[in-house]
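Given two chains presented individually in distinct reference frames, assemble the corresponding complex, making use of the accompanying hints.
Taken in order, these protein sequences are the chains called X and D.
The opening position of the first sequence corresponds to residue 1 in our numbering, with each subsequent residue numbered one higher.
The opening position of the second sequence corresponds to residue 1001 in our numbering, with each subsequent residue numbered one higher.
Keep in mind that the hints were calculated from the coordinates and are not lab data.
Some hints here could point you the wrong way.
Here are the simulated distance ranges between beta carbons [what the hints assert, rightly or not]:
id	chain 1	residue 1	chain 2	residue 2	range
1	X	I5	D	V1044	43 to 53 Å
2	D	E1048	X	R31	48 to 58 Å
3	X	R174	D	E1048	47 to 57 Å
4	D	H1149	X	D178	47 to 57 Å
5	D	E1110	X	P67	53 to 63 Å
6	X	S136	D	P1119	33 to 43 Å
Virtual Cβ for every residue (Gly too), placed ideally from N, Cα, C.
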Amino acid sequence: MFPEINFKADIIRTSLGPRPKFVLSLSTQVRAGQLSWRPMVPSVVMLYLPSRPRLETTLAFRLGSIPVLRPLFAGSALCLTPSGVKVKFITRSSTLIVPLPGYVFDSPIPGRGERLPGIYLGGGWFMSSYPVDIRSLEVHIEGYLPCRRGPAPAPKAYLEVFNIVPELLKELWRDGLDSGPSQELGLEYNEIVCSGGTIYGPEQKEILFI
Amino acid sequence: MARNKKKFFSSETPHGEGPFPKVIYKVTIGPKPMGNWRPPFNLVLQCEVKPGQLEWRPYIPAVCLLRPEKIPHSRRERFSLSGGLKVYEAQKSFWAVILGPGAPGERFLECPVLILPLPGDLFTRPQKGEGQQCEGLCLWDKGFYLSPHKGDCSSLNIVREGYLPWREGHPPNYDDYMKVFKAVFELFCLLLEDGLTSGDLPPLSLEFQGPLNQRMQALEKPDETISFV
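Bound-form chain D, shown alone (with noise of 0.2 Å):
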């Protein structure tokens, strides 16, 4: 795994880039102004695949960002990331209400889903009070390949707008969204390897030529090596 992985960052594609496509992740919070308003968030998460370029088609599962709650309980654990976060996989498809992609609404999300905990939930307008209430946020509801090849998807460009919940403080402290957020870069990254489990192949080939009867000989007497080629 290992070899293969050295291989990739050793190589460079016919333009003279990497293996690994650039993306560019870009997450802000805020400002809220004092009293009962919501923090607006814009996250963008963009990657454009160049010919060359993640060459082993990684397979990039549904993502979706959940309150604790609503994560499924028949799951596994797919990843431990930094900071102690944990990403999930759900096992059954389940409904939730979620931001994005579209409308925001009641979604029935189905396997495989790859989900990360959010610490609460996430609105539509930033009045408190007002908009409607989501349990998450979707980054993308279907799963898909990632790679130049014809047939993947080739290209994301990923923005979703929400508000968060209206918290206490001077200023309130939105942190462990943010910690959250961050994971979703990492999380990407992690996926994006995905498929390297299975490496090259050199071709294999079986040949046999001559007699039948010098074949039934060979096994008759174990001891005689005979090459196929």
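Same shape as in the complex, but just chain X (with noise of 0.2 Å):
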């Protein structure tokens, strides 16, 4: 029923500066009478700050001790995307949020690029093996924890975030089950018209017919 998910969370030290890097990746691919009920999987990317105030959440649900926040109105948000470009998505109630223990950034240089605090699960695809769908689904994110002198979360608790992100897909996948087949319906008739009723004509006067 569900297919199978490659997923993998590496922190690794770079020489490119002192921030580690993360990388999140995830793969998966829809085989034939896997997800027939076509659920909805969203895009998954960063959410980028300037968009953070002004995006009021809520608690949608709680994977182990992480929670997923839901958007409490539709409206936008800004994310950075894995190519490194600013996209305006529309937020909507299925939209889901998963806050991060700290900032992740864009650039290895301290001082220097985007604060991002969380994973954004928005917009999204019907995914099955049906031709106008997607059968497939890659998700690679990069980008580096905060250093470690000063307050900044150890990268564990990152890690553990990630982690969850095959968990949310899984619960995501569920989307659409709430929809269950239905048998046919009919209504046949097969007779000469010689029906009684009552109808309103031009003066609105009743007219009955016996």
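Here is the structure:
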């Protein structure tokens, strides 16, 4: 029923700067017979900070101890795509936000780069093996954790949040299961018309056919 | 009126059939698979008028099924069907995105148009999130007279297909749509009775024979009875 998910989250030291790099990659392929109910799978991007104060959220659910938020109102959120482009996404009731323990950055050098407070899951496509839907999903997000000089959270706290992404995807794949299969309903008349009824004529006068 | 109706019901056509034609009306909804799929619907209305039937030439105006918000404000109630369903007649022509006849899209519907309120939208594709969203369904977009007479429409073969909106539920409930589809048949039967308000008329004639002065005398003496034959 559910496809297999290949997920990897790594935190690595690089020579580019003192901020440790994180790489989050997820891939999955739908085979025939899987996800036949066509769940909607969202785009996965990083939330860009300037939109955060305008984005009022509420707790949607918890996956383990990690809260998953939902916007309170429809609006928009500025996000940073993996290619580094800022894109405004429309937030709907189905949008989900996974807040990170602290900011992550798109630059390895302290003092530079955009501050990214969470993972944004919104918009999206229907996923199934049917022709009009997406059959595979590839998510690749790179960024930099804050330096540990000062009150920055430990990398382990970030890894815990990253690791819920496949669990979240499995949860999202349940979308559509609230609409069950239905049998054919039929209605058939095969008769000589001979009906009675009340007709309201041009003068709104009641004429009764007997 | 009732007398007219009784007359029609008691009479028979040369083919031994009644004055009303046989109507085949069939609607199916579904089946729908589990998940983000829309149930298909299929509507068939067939009617063939044989000689001697519908001699009163009922006028069948354009008939649409539309979302309540799309029914023009300028309207009046025309029929009240069983189950409390109302049929409105648009008083002004209007635009609407509709399914059929022809390609789905925005169409200008000219008066007179009868409108049955539809519970929601209709779609052109079975997949939720795909296809065109239509505000209603048009059975026929122009009025016509239905009779076996030359120049009138003598047979109908309406087939409309599409998809109902996605709904949650195990199974999802589409009884409200079925109620409207059922009402279409009732409305069509009522429309076939159009024209029966104008009954038969035996020949009336007026003839006068005689010299002009005789008529003048008659007018001067109103008590005298003069018969015009």
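Status of the hints after comparison with the structure:
Take X:I5 and D:V1044: their Cβ atoms lie about 46 Å apart, and the range 43 to 53 Å holds. At roughly 51 Å, the beta-carbon separation of D:E1048 and X:R31 lies within the given 48 to 58 Å, and the hint holds. Roughly 51 Å separates the CB atoms of X:R174 and D:E1048, a value that falls within the hinted 47 to 57 Å. Hint check: D:H1149 to X:D178, Cβ distance near 55 Å, so the stated range 47 to 57 Å holds.
Range check, D:E1110 to X:P67: Cβ separation about 57 Å, and the 53 to 63 Å hint holds. Checked against the hint of 33 to 43 Å, the C-beta distance between X:S136 and D:P1119 comes to roughly 37 Å, which is consistent with it.
Of the hints listed earlier, there is not a single one the structure fails to meet.
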